[in-house]
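A.B. asks: In order, the protein sequences belong to chains A and B. According to the numbering used here, the first sequence is numbered sequentially starting from 2. According to the numbering used here, the second sequence is numbered sequentially starting from 16.
Warning: the hint list may mix true and false statements.
Stated by the list, open to error - Here chain B is said to cover these stretches of chain A; the calculated rule only asks that three of the stretch's residues, wherever they fall, bring their Cβ under 8 Å from a Cβ of chain B:
#1 38 to 51
#2 73 to 79
#3 112 to 119
Said to hold, decoys possible - Listed next, the in silico BS3-like pairs over lysine-lysine satisfying Cα-Cα at most 30 Å (straight line):
#4 A/Lys219 with A/Lys335
#5 A/Lys231 with A/Lys26
#6 A/Lys219 with A/Lys26
#7 B/Lys404 with B/Lys372
#8 B/Lys394 with A/Lys269
#9 B/Lys205 with A/Lys269
#10 A/Lys269 with B/Lys372
#11 B/Lys436 with A/Lys26
#12 B/Lys162 with B/Lys101
#13 A/Lys231 with B/Lys436
#14 A/Lys166 with A/Lys152
#15 B/Lys205 with B/Lys253
#16 B/Lys437 with A/Lys26
#17 A/Lys269 with A/Lys231
#18 B/Lys106 with B/Lys82
#19 B/Lys436 with A/Lys219
#20 B/Lys253 with B/Lys271
#21 A/Lys231 with B/Lys437
Said to hold, decoys possible - If you anchor each label on the Cβ, the simulated ranges turn out as follows:
#22 B/Lys404 with A/Leu33: 31 to 37 Å
#23 A/Glu177 with B/Arg182: 53 to 59 Å
#24 A/Leu6 with B/Arg414: 49 to 55 Å
Read the hints as simulated data drawn from the structure, not as lab findings. Idealized CB from N, CA, C, for every residue including glycine.
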Amino acid sequence: MFAALLHWLDERFDWDDLTAPLRHKTVPSHRLSYWYFLGGITLFLFVIQVLTGILLLLYYRPGANEAFESVQYIMTRVRFGWLVRSIHSWSANLMIFTAFAHMFSVLFLKAYRKPRELTWVTGVILLFLVMGFGFSGYLLPWNTLAFFATKVGTEITGQVPVVGKPMMIFLRGGEEVTGATLTRFFGFHVAVLPGLVTVLLLLHVLLVQRLGMSVPPKLEVQWTANPSAKREMRFLPNFLLRELMAWYVALGVLGALAAVFPWNLGVKADPFVSAPAGIKPEWYFLFMFQTLKLIPSKVWFIDGEVLGVLAFGLVGLLWILLPFFESDQPSHMKRWITGLSVFALAYVLGMSVYGYLAK
Amino acid sequence: MAILRNKLRPFSAALVGLAGFVVIAVCLVYGQSSGQTKNSCLDCHSALPDPLGVTQEKFSQDIHAQKGLTCASCHGGDPTSDDPDKAMSKKAGWRGKIDRKQIPELCGSCHSDPAYIRQFNPSLRTDQLGQYRTSVHGKRFAAGDTKVAVCTDCHSVHDLRAPGDLRSTVNPVNVANTCARCHADADYMKGYSIPTDQFAKYSASVHHQALAVRGDLSAPTCSTCHGNHGAAPPGIDKVQNVCSNCHAFQAQMYEKSTHKKAFDAASLPGCVVCHGNHGIAHPTDAYLGTGPEAVCMRCHTPGDKCDQARAGLQSSLSQLDEAIRSSDQVLRVAESSGMEVSEARLGQDQAQDSLTKARVTIHSFRTDLVDQDIQAGLKIAATNLQAGKDAMVERNYRRLGLGISIVAIGIVLAGLRLYIKKIES
Numbered sequence: 002m003f004a005a006l007l008h009w010l011d012e013r014f015d016w017d018d019l020t021a022p023l024r025h026k027t028v029p030s031h032r033l034s035y036w037y038f039l040g041g042i043t044l045f046l047f048v049i050q051v052l053t054g055i056l057l058l059l060y061y062r063p064g065a066n067e068a069f070e071s072v073q074y075i076m077t078r079v080r081f082g083w084l085v086r087s088i089h090s091w092s093a094n095l096m097i098f099t100a101f102a103h104m105f106s107v108l109f110l111k112a113y114r115k116p117r118e119l120t121w122v123t124g125v126i127l128l129f130l131v132m133g134f135g136f137s138g139y140l141l142p143w144n145t146l147a148f149f150a151t152k153v154g155t156e157i158t159g160q161v162p163v164v165g166k167p168m169m170i171f172l173r174g175g176e177e178v179t180g181a182t183l184t185r186f187f188g189f190h191v192a193v194l195p196g197l198v199t200v201l202l203l204l205h206v207l208l209v210q211r212l213g214m215s216v217p218p219k220l221e222v223q224w225t226a227n228p229s230a231k232r233e234m235r236f237l238p239n240f241l242l243r244e245l246m247a248w249y250v251a252l253g254v255l256g257a258l259a260a261v262f263p264w265n266l267g268v269k270a271d272p273f274v275s276a277p278a279g280i281k282p283e284w285y286f287l288f289m290f291q292t293l294k295l296i297p298s299k300v301w302f303i304d305g306e307v308l309g310v311l312a313f314g315l316v317g318l319l320w321i322l323l324p325f326f327e328s329d330q331p332s333h334m335k336r337w338i339t340g341l342s343v344f345a346l347a348y349v350l351g352m353s354v355y356g357y358l359a360k
Numbered sequence: 016m017a018i019l020r021n022k023l024r025p026f027s028a029a030l031v032g033l034a035g036f037v038v039i040a041v042c043l044v045y046g047q048s049s050g051q052t053k054n055s056c057l058d059c060h061s062a063l064p065d066p067l068g069v070t071q072e073k074f075s076q077d078i079h080a081q082k083g084l085t086c087a088s089c090h091g092g093d094p095t096s097d098d099p100d101k102a103m104s105k106k107a108g109w110r111g112k113i114d115r116k117q118i119p120e121l122c123g124s125c126h127s128d129p130a131y132i133r134q135f136n137p138s139l140r141t142d143q144l145g146q147y148r149t150s151v152h153g154k155r156f157a158a159g160d161t162k163v164a165v166c167t168d169c170h171s172v173h174d175l176r177a178p179g180d181l182r183s184t185v186n187p188v189n190v191a192n193t194c195a196r197c198h199a200d201a202d203y204m205k206g207y208s209i210p211t212d213q214f215a216k217y218s219a220s221v222h223h224q225a226l227a228v229r230g231d232l233s234a235p236t237c238s239t240c241h242g243n244h245g246a247a248p249p250g251i252d253k254v255q256n257v258c259s260n261c262h263a264f265q266a267q268m269y270e271k272s273t274h275k276k277a278f279d280a281a282s283l284p285g286c287v288v289c290h291g292n293h294g295i296a297h298p299t300d301a302y303l304g305t306g307p308e309a310v311c312m313r314c315h316t317p318g319d320k321c322d323q324a325r326a327g328l329q330s331s332l333s334q335l336d337e338a339i340r341s342s343d344q345v346l347r348v349a350e351s352s353g354m355e356v357s358e359a360r361l362g363q364d365q366a367q368d369s370l371t372k373a374r375v376t377i378h379s380f381r382t383d384l385v386d387q388d389i390q391a392g393l394k395i396a397a398t399n400l401q402a403g404k405d406a407m408v409e410r411n412y413r414r415l416g417l418g419i420s421i422v423a424i425g426i427v428l429a430g431l432r433l434y435i436k437k438i439e440s
């Protein structure tokens with residue numbers, strides 16, 4: 002049956018020729034090969050996001066007077082609505098986690114080097130967009146925490162000199178966080194960001210397919226010196242089956258989290274009450290939030306928060322351009338980038354933990 | 016010179032404007048300084064020890080000073096003169112230290128004048144002196160007892176603040192302490208034949224708890240029940256009128272009850288019989304019991320018809336209280352398991368409202384009316400309990416589903432592993 006279908010396709014579209022690159026594609030096999038799965042797991046979680054997001058759209062109603070009630074309805078009345086929403090929320094968090102882990106694995110395995118600079122650039126932009134997904138999606142249930150987190154988050158955007166205030170008003174749809182902000186964030190979350198991510202994701206995957214998997218530099222030197230030591234596995238089916246196993250594990254973790262810890266709905270947002278004490282953003286923004294809290298209110302003559310926002314903007318830009326600072330030849334810059342990577346990971350982890358524990 | 020004049024011509028209009036500005040500014044500064052009233056009294060009195068000492072800092076806190084009044088407004092004299100003899104001369108109308116006997120009348124000379132007071136605060140009452148004359152303080156004062164409170168004893172002097180100011184001695188949160196300065200002083204109150212434990216009792220009361228601890232300014236302090244300027248005991252037959260200002264529903268129930276008639280006949284002071292006066296504690300259902308807190312059995316005989324009704328009421332309240340607690344417990348477990356039970360939680364508030372209403376209805380002393388509220392509450396609590404139980408069933412169903420899914424995923428993973436092994440061997 003399956004062979005007949007393949008024959009049917011082959012007759013019409015030259016299927017064999019189309020799939021030849023995949024059949025001939027190989028993946029390096031070594032003790033660090035497991036890190037290759039992180040990108041695939043992130044992609045799998047993105048697909049879960051899209052599917053559960055579409056299901057949620059069937060019942061979700063954006064609007065200050067309806068959003069909370071519609072999510073409550075999904076959680077209590079819609080059959081398996083609780084599961085769909087919990088999986089959507091947990092999957093979002095796991096996706097951001099695996100995207101971060103994927104980025105640092107690429108960094109430490111030096112997979113961003115020539116000729117994969119653009120793969121890195123698209124990957125880092127994708128990570129930023131995924132964080133944008135998190136920020137915009139967080140407001141959609143219109144609960145107290147989401148409301149005030151959005152208020153604080155958009156206020157920080159407003160600190161950017163010159164363009165900050167217009168940007169804040171653009172994001173909020175006015176001076177304050179209101180129902181207009183909710184519909185706007187809904188638009189970003191289900192239309193603008195998915196469009197951008199889909200294009201960049203296709204480009205990213207295409208580049209990965211075109212350039213193949215990177216091999217860590219030391220191993221590359223060994224394999225070049227001794228080609229017989231080189232180990233590879235076929236992408237189809239060997240690597241893909243292993244990837245499938247990773248996806249199943251991710252699915253199991255996701256299901257367990259959703260069933261044992263269903264995502265909390267919280268209390269409906271009330272713009273007229275004061276913000277809850279010790280309000281914090283989602284964990285993936287915590288390192289930035291804590292840094293901004295620690296910067297003095299005035300650094301020389303510059304406002305501390307403005308300085309922090311500008312510094313994060315500059316670091317983000319340099320992070321995107323990181324591969325272009327490393328040349329082909331051995332140089333101090335290589336060691337410098339490795340050191341920077343270790344520092345960045347320690348900083349993000351340390352500040353996140355500090356932010357979580359801080360009152 | 017002509018060349019210079021020509022060059023300055025374009026600026027001539029600006030120069031004229033600048034000169035005008037300088038003239039106006041000088042006039043304004045002069046006008047401002049000359050408009051301020053000189054107060055030479057404080058030059059000396061700020062250096063004098065108590066009781067004659069009044070510093071500029073202290074007097075500037077006084078509401079009268081803030082409204083533009085000076086020492087001379089009460090004490091007379093000429094504060095514009097630097098010569099003490101002229102400033103404090105009879106000719107200048109100096110009255111010296113105000114005699115205690117003159118204080119109410121002196122304060123009243125302004126505060127009973129609506130036309131005068133209106134210019135400072137149109138909403139400020141002007142009947143304080145009239146009220147004072149009807150108070151126990153005022154009557155005793157008129158009879159020659161100068162130990163009783165006059166205006167300055169409660170409001171302070173020279174640093175008198177508006178009642179809304181938290182530092183004011185007559186701010187609601189400070190009133191009890193102000194009254195206690197005399198009324199809790201057993202030596203000072205000797206000879207008046209009234210107790211001095213009111214403040215100690217009030218400090219332990221539910222009203223003090225609400226006012227001073229929770230900061231609820233609607234909670235009563237001494238003046239809420241006794242009045243302020245017209246302070247007097249409410250009178251036995253008027254107690255429920257005082258309490259009913261806040262506890263309106265309880266008062267309505269009580270007015271129609273059999274207890275009202277019985278208490279009136281026995282000249283018992285209504286609410287106070289069961290709840291006390293200054294030391295009112297938070298009422299509990301144990302008031303209806305037979306233990307140490309019980310109030311019914313102070314008058315009623317065990318086993319009589321009223322005792323049976325009392326037992327029924329207490330049992331009904333306990334039943335609803337217990338039902339709410341049970342629902343709460345199940346809902347809490349469901350909530351901590353991540354189940355969405357916010358609607359049932361909201362329903363719990365309604366059940367609690369029914370219990371509160373039943374406790375209020377107790378003041379009607381009618382079992383049929385109380386039972387209506389109890390039954391309504393029990394129905395809501397039962398619905399909430401069922402919602403909690405349903406949530407727990409749903410939780411277990413989810414966990415069973417998770418277990419089956421995990422086993423299925425495990426089987427697929429094992430199958431994939433075996434298949435990979437097979438194709439790679």
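A.B. asks: Just to be careful, I want the Cα atoms of B/Lys253 and B/Lys271 compared with a cutoff of 30 Å; is the pair within it?
C.D. replies: Status holds; Cα separation ~16 Å.
A.B. asks: Can the restraint linking B/Lys436 and A/Lys26 be considered satisfied, given a maximum Cα separation of 30 Å?
C.D. replies: holds, 20 Å
A.B. asks: Tell me if the straight-line CA distance from B/Lys437 to A/Lys26 falls inside 30 Å.
C.D. replies: Roughly 20 Å separates the two Cα atoms, so the pair holds.
A.B. asks: Verify the proposed pairing of B/Lys404 with B/Lys372, using a straight-line Cα cut of 30 Å.
C.D. replies: holds, 27 Å
A.B. asks: Regarding the pair B/Lys106 and B/Lys82, is the alpha-carbon distance no greater than 30 Å?
C.D. replies: holds, 26 Å
A.B. asks: Hint check: A/Lys231 vs B/Lys436, CA-CA at most 30 Å. Holds or violated?
C.D. replies: With Cα atoms ~20 Å apart, A/Lys231 and B/Lys436 stay inside 30 Å; holds.
A.B. asks: If you draw a straight line from the CA of A/Lys269 to the CA of B/Lys372, is it 30 Å or shorter?
C.D. replies: With a Cα-Cα distance of about 28 Å, the restraint between A/Lys269 and B/Lys372 holds, given a limit of 30 Å.
A.B. asks: B/Lys162 and B/Lys101 were given as a pair; does the straight-line alpha-carbon distance stay at or below 30 Å?
C.D. replies: violated, 34 Å
A.B. asks: If you draw a straight line from the CA of B/Lys394 to the CA of A/Lys269, is it 30 Å or shorter?
C.D. replies: OK: B/Lys394 and A/Lys269 at ~27 Å, within 30 Å.
A.B. asks: Can you take a look at whether the stretch 73 to 79 of chain A is actually covered by chain B? Rule is 3+ residues, C-beta closer than 8 Å.
C.D. replies: holds (count 3)
A.B. asks: Holds or violated: the stretch 112 to 119 of chain A covered by chain B, criterion of 3 or more residues with Cβ-Cβ distance under 8 Å?
C.D. replies: violated (count 0)
A.B. asks: A/Lys231 and B/Lys437 were given as a pair; does the straight-line alpha-carbon distance stay at or below 30 Å?
C.D. replies: holds, 22 Å
Hints 1, 3, 9, 12, 17, 22, 23 and 24, counting from the list given before, are not met by this structure.
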